[in-house]
Amino acid sequence: MTPIQPRTLGTCYYPEHWDRSIWEDDAQRMVEAGLSWVRIGEFAWSRIEPRESEFHWDWLDDAIEILGRAGLKVVLGTPTATPPKWVLNKYPDMLAIDAQGQPRKFGSRRHYCFSHLPYRAEAGRITRDLAERYGSNNFIHAWQTDNEYGCHDTVVSYSDAARSGFQNWLAARYGDITALNKAWGNVFWSMEYDDFSEIDLPNLTVTEPGHIHQLDFMRYSSDMVVAFNKVQTDILRGHTDAPLIHNYMGRIVEFDHFGVGADLDIASWDSYPIGFLSDRLEASDAHKQHFLRQGDPDFQAFHHDLYRAVGRGRMWIMEQQPGPVNWAPYNPAPLDGMARLWAWEAFAHGAETVCYFRWRQAPFAQEQMHAGLLHPDSTDAPALSEARQVANEIKAMPDPKTAKGDVAIIFDYASAWAWFAQPQGADFDYFRLVFDMYRALRRAGQNVDILPPDAPSLDGYSAVFAPGLMTIPDGLRKILQSTETPIILGPRTDTKDINLTIPTPMGPNVEGLDVTVRITESIPPTAKFDLKGGGTARHWFEHITGDAETYIETIDNQPVLVGSSGLFYLGAWLDEAGFDRVIQMFVTPHKMPAGVRVRDTDTHRFWFNYNPHSVTIDGNEIPTAGVIWQKL
Amino acid sequence: MTPIQPRTLGTCYYPEHWDRSIWEDDAQRMVEAGLSWVRIGEFAWSRIEPRESEFHWDWLDDAIEILGRAGLKVVLGTPTATPPKWVLNKYPDMLAIDAQGQPRKFGSRRHYCFSHLPYRAEAGRITRDLAERYGSNNFIHAWQTDNEYGCHDTVVSYSDAARSGFQNWLAARYGDITALNKAWGNVFWSMEYDDFSEIDLPNLTVTEPGHIHQLDFMRYSSDMVVAFNKVQTDILRGHTDAPLIHNYMGRIVEFDHFGVGADLDIASWDSYPIGFLSDRLEASDAHKQHFLRQGDPDFQAFHHDLYRAVGRGRMWIMEQQPGPVNWAPYNPAPLDGMARLWAWEAFAHGAETVCYFRWRQAPFAQEQMHAGLLHPDSTDAPALSEARQVANEIKAMPDPKTAKGDVAIIFDYASAWAWFAQPQGADFDYFRLVFDMYRALRRAGQNVDILPPDAPSLDGYSAVFAPGLMTIPDGLRKILQSTETPIILGPRTDTKDINLTIPTPMGPNVEGLDVTVRITESIPPTAKFDLKGGGTARHWFEHITGDAETYIETIDNQPVLVGSSGLFYLGAWLDEAGFDRVIQMFVTPHKMPAGVRVRDTDTHRFWFNYNPHSVTIDGNEIPTAGVIWQKL
Amino acid sequence: MTPIQPRTLGTCYYPEHWDRSIWEDDAQRMVEAGLSWVRIGEFAWSRIEPRESEFHWDWLDDAIEILGRAGLKVVLGTPTATPPKWVLNKYPDMLAIDAQGQPRKFGSRRHYCFSHLPYRAEAGRITRDLAERYGSNNFIHAWQTDNEYGCHDTVVSYSDAARSGFQNWLAARYGDITALNKAWGNVFWSMEYDDFSEIDLPNLTVTEPGHIHQLDFMRYSSDMVVAFNKVQTDILRGHTDAPLIHNYMGRIVEFDHFGVGADLDIASWDSYPIGFLSDRLEASDAHKQHFLRQGDPDFQAFHHDLYRAVGRGRMWIMEQQPGPVNWAPYNPAPLDGMARLWAWEAFAHGAETVCYFRWRQAPFAQEQMHAGLLHPDSTDAPALSEARQVANEIKAMPDPKTAKGDVAIIFDYASAWAWFAQPQGADFDYFRLVFDMYRALRRAGQNVDILPPDAPSLDGYSAVFAPGLMTIPDGLRKILQSTETPIILGPRTDTKDINLTIPTPMGPNVEGLDVTVRITESIPPTAKFDLKGGGTARHWFEHITGDAETYIETIDNQPVLVGSSGLFYLGAWLDEAGFDRVIQMFVTPHKMPAGVRVRDTDTHRFWFNYNPHSVTIDGNEIPTAGVIWQKL
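Chains as they are written, first to last, in the UniProt record's numbering: chain V, 1 to 632; chain L, 1 to 632; chain X, 1 to 632.
Mixed in with the good hints there might be a few duds.
One copy or two, it doesn't matter: identical chains are merged, so the pair holds either way.
The list that follows gives simulated cross-link-like pairs (lysine-lysine, DSSO-like), each with its CA atoms no further than 27 Å apart [to be verified]:
1. LYS288 with LYS528
2. LYS401 with LYS591
3. LYS90 with LYS182
4. LYS105 with LYS182
5. LYS90 with LYS105
6. LYS288 with LYS532
7. LYS404 with LYS631
8. LYS478 with LYS404
9. LYS631 with LYS395
10. LYS532 with LYS591
The hints are simulated quantities; they were obtained by calculation from the structure and are not laboratory data.
One chain only, chain V, in its complex shape:
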């Protein structure tokens, strides 16, 4: 594997959008701004191969040459997220089908079904063509596969291809139909099948389909993404030693990123703090108003930590918001300083490279209101000078390696699917639950590692949290018996087996922790169950029994946090005060002003001020949208 790089900046560039006459100047300006990387090509299929087997390589040859000669390292994307119209003409049934049975048509992007094998082969074919031409090109220092898997809800498709693929997948998983009928509990409503070919996709049923039917379809759909990606990585590996990357997104849980990441070298993600605040974060109006032009102070950090795990230590920002975006319900501009703050926060969390998206705002098409480092008229946009500042600051900063976490949280994509299929309460969402705990750890100033459910060890942490884990995998179950680290399970953890069935004995079934969840309540937003000593349960409340000692209970004496021998079970979703209490049992929080966050590297402590006003920490003022660091 490529050794850790010094921290670098980059940008995303679309030579095909601009007259060739300005490429050279663009490349010069990138270099002058201190950028090292440039990603190109990921939407350019129609310019590379406008008609089947008619290749126009020269412009791309030139672009790579011009950028590379200017001193930039090129990331070349496979263009498979945007198959040209002729590909669709060739495979009219390659479109994904929505849950209502309608084809998701050509005219934007990601118009393909992951289950469609001829398109998967076609995507492999264009990947091979690119790999053969550029695999040994010295200007290309990394490859990106496709773009933003899962964007626009594209993991799941209800196509004929998906149905037959799913049937085969089920046959392989269960062997015979009797086993499936039993695993799925199909006796329940006479839903038993005689043959795998009878099994339809779990959409448009009269009422909800079996939760395991849904879960297995999500498992299958995730596997299709992994397989689609692997076709490309297998081909690229044959032609290049450069690292392979995919750029993931924020709060996308429809496929197993660990699975995709296993075939790649680097996990990058697309960080749009202000867009995400508007578009995909549960928060009060006051919170959204306070962080309107800064983004949520934990959302980026969470994904940095998550994707550092997905990348097995190697993480990038492939797309960093530089100004207003176009796609959120509302699109304010960042405060001055945020484009710098976000980059430094990414570096502090271990990012090797931060690429601003995009170099120049496009004047046309769907994203014409998405800001770039340049305005459409090529004048400097505000983020350019901030990028330049970061580039200069990087030089003065010895390569900072992000610190090992003080604490860890386990994140499991399959649990997200399980609870999506079986929320039981209208506002139960796995990501939200995990993120609520993560936020509490951040409020306490902790460095957090996010771990996959098959992490080989939990040692070296003050505590490890595993909320909402549908089933404890065998490996983890063993580790729980041996680790010295305090482990906090729940709510909802290990209450199901892998078929989303309630086991007997009822869970959690963890040796040394005598706890059983026998009754579960989902609670409407208007209701709360208060805790003795402060805090309240909301959303979710479990009636837990067993001999474990009670550490937190409700004012009605119902246990909420119990434990024994270093293993703990939390039987409720708590509010901020409640989660803070749980966490303070295991770690000593930093004192920090609200809206400030901290992250350590091996050598430095970084403070990030997400507030729209300055703050003072230990006598040091951090300006609005400011970041400071101190040697540890």
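Add chains L and X to chain V, keeping to what the hints say.
Leaving out everything else, chains L and X in the frame of chain V:
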């Protein structure tokens, strides 16, 4: 007809879900808990007949034998709500079609269209097979047809079968197309037809279809439910003298329950107080919070009274909530005591039997989070001890016959359809209107009878209310001329003829009551029209003219309640204070703490405390979730 | 062109709905009430031609004769909004297709696709039949084409006819596919086409289609409405000299009314003040409550002024609300006096005729709850006496010609489409923006003219406002250089070229006004950017640069209103206080109580009291819902 039974308890059991080895123990535990009845079989088609004409009777024979020998009376359900996959393979067009034109697919339950005649025959065929085998089985003391007609919005289907069935139904109703064109007012927008075969279903029209087009389609759809059920009752009557039952649901008005009930002996319903509070009740947040773990204090009583009428005096609870359910948006657990309170309330309102749903929580499939009397691991769930308490209390209580109502309300399903087709105000809903009046009567401590629109007499009540009755049927119109009982019509009553057309003279047209509604206002939630003397009109306000005396008027002197010679017309939907004033003109209210309700039997008065705190009545404390009774 | 008529009243009548025996009496009562005009026929196709080529003219002959002889002037409508069932049988593919791909079925009205050429021809054919029979009938004094184009979202259809029509339209507009690919920026996501036949409609794409793809489809769809209408006007012109009218609606912007209007003589519209308040107006609950039974005080005036422009000076109200309607979410009754106030307000704004819709409330079909001048039982409804009062008052009032506006606003339908395709903020709506400015002008007591974007002159106004104009047309750009009138552009004005692309130099590009919009923020409803001196920006905020002088700025010193040499640019959407400040830079406001509005004719000033209470102006009391006038 079978004589009134002593009050009994029961449960719903699915032997096909459990290993045969535990059936005997389950049966013993049911008996020991004091249960007398057990319902089985209603979802077991795939185990009775896994492939066409391949019957597996032995397990069902055994189950009936084991349960019966243990001393339980068995209710056997026809399994027609869950046709197995092979039935669908045989009739691929049997699925209902939703309003968007999509088939409602296999994978859950109720996947059939009531208009599909071959499936109706197939359902009859399996019913006959069951009836022939078990019609004279001594352990079977009652039969249930299908399950929960109308659940999951399954009454209405936009299938080809429905279209041709509707065309035939229209031809039969109107005789010739000119009569239909006239009755429907099709001249209005050149909507006239030349032939019944031209008439399409009233979905997907450019703007709203004719309201009578919709109403007739709902009448037709309701008739299809009646006809579907009658195929089964006709067959069962040929093989058994045991009473025939269907289990209805809460707030389902899409078919005429009186029509279905006419072919049955007992009306049972499925009482899920906490699920209904969350899922299908208009109430303030404060109300929903106060009754979070108890359910609305009037919703169950309303349905007890309604289904007592549907069952012509014989009413059961076939499914009684014992703990959290799985299907409401939020699913809290009942307070301790509620599983007892609900049962006693049902008995006080005339229920013969209360069956808890279900015996043991299923660990798999869609309802695995639905509590039972046992946990999935066979340990006792909280409701079991409450059931046991009720069983003991029943023994000590002479068979209580519910009292005749002090007052009555007329309930008419066709009016619900009429106002669904023509709400005129976005929040006008027939059930809600009737229920608002019912609540006011309950707040006043009245025993209420609910009557069908063709009730043969209104005598013996302090008052009878008929809100929102589209048309007064001929029989009722005659009774109004002869009864001594004060009758309160309106709002909206008798303002249409049977074709949902405004009659001339404009209604209401009741001899002896000089009232005409000429202008109607629907009022947004933000608006109110205050009454002199307290209370306010909301939702709906009529401008009424005529010589009847005014009893209540607005502060602008517009009449609201008028009457003459014992006939009254209420021209508005009122708030609580307003309805209370209307009711107090006719009855003397009991004084009761808020959240407490009362119901009399012939011998006792029962008090139910729905509050999450204790209350005192006449010096007697009723604990939280408690029920007490006194001899009258 | 016909000379300006004296102000007159009329009504809409449906002889086909009533027994012939009452037509004569109806006509007499209309005349006695002071009505001059009667519109008939627009939904009567199935009675004129119940089967293809089978004509029943006699009833219509008689109706025209009876009405005409009674002294009424007849407006005859072509019945093409309601093709009978046999027309659909003849052209089964004539239905519009909704965005989900479903046909919009028969059973109400407007069930045709504007792109369906055979239906367009059929509509021409029935128009010709009518024109031939009645073109020279002396009782017919005007013709109406079709009815309410665009009602029920019927402008846009996703049919096969629309797709091929759109492809041809694009071929004609762009000439060759390369030009289209360039204009649309299709390189962006490899969306390039090889041929016009490959271009699909912009529905059901994976994510949003190209904004120009959407805009061009809206342009095309609008052209289809113009073409559909022109078929009829071309035919009618060959047979009659009577003026041709179409009745438009409120807040319908899906087609270019100026385009349709160019082929007509009079623009009429359907004024439903209370329905519109409930159904299509953004306003606070308090505002909606205050004006519950009066309607918004500016909504009607805006449309009067707009349609006066569409009609090139000639404007009617073809349908005036007389009582509660049936189609809004909530339908309260007007306060006494409003039916008179609305008529006088229309006259003051230049209406020649106000027709109340409808003569008698229909007892059947979809609109049976829509009030008329008569109740269904033929008794007088409240509005009839108000109409009579207006008829008498007209006689005493010399023909008032509406005054030229003090100020003007430019209204451009294509800009509405552009921002619909590219809102950039969830609550950005072109109509709303323009209307917010219009309201501010009305609060200041100004007479407002609304101008098309190709108005030949802007002279003679205190100021002209052009908010949200996507592109400044060439003609207007020239006028800006020569007019003495202060012009206020923005927000968002001239920031795109005609292909909805950001131009270079970035806009606005107006000689003499050094302003550039480089960054745009859309702001959620919870956020505001306050202005120095009062008022706040909301919804939309632009970062503007350039040398123009700053007149208004935020508390953070960002310019909001800038200008030079009589040209101004407003870079934000403001609240009421903010817009009031802008306007007061150019005009001196009248002092008026809240809820009162003013409009001048050449000779009189009219005051309209929209409040539910009386007010005093200059010592004169205006009663609730009252109108007074004074000689100027």
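Against the structure, the hints come out as follows:
1. LYS288 with LYS528: Close inside one copy (23 Å) and across copies (13 Å); limit 27 Å.
2. LYS401 with LYS591: Classified as within: same-chain Cα gap 24 Å, cross-chain 68 Å, threshold 27 Å.
3. LYS90 with LYS182: between (41 Å within a copy, 24 Å between copies)
4. LYS105 with LYS182: between (38 Å within a copy, 21 Å between copies)
5. LYS90 with LYS105: within (14 Å within a copy, 31 Å between copies)
6. LYS288 with LYS532: between (30 Å within a copy, 24 Å between copies)
7. LYS404 with LYS631: So LYS404 and LYS631 pass the 27 Å test inside one copy only (16 Å; across, 73 Å).
8. LYS478 with LYS404: Classified as within; 23 Å inside a copy, 66 Å across copies.
9. LYS631 with LYS395: Intra 16 Å, inter 79 Å, cutoff 27 Å: intra-copy only.
10. LYS532 with LYS591: within (24 Å within a copy, 37 Å between copies)
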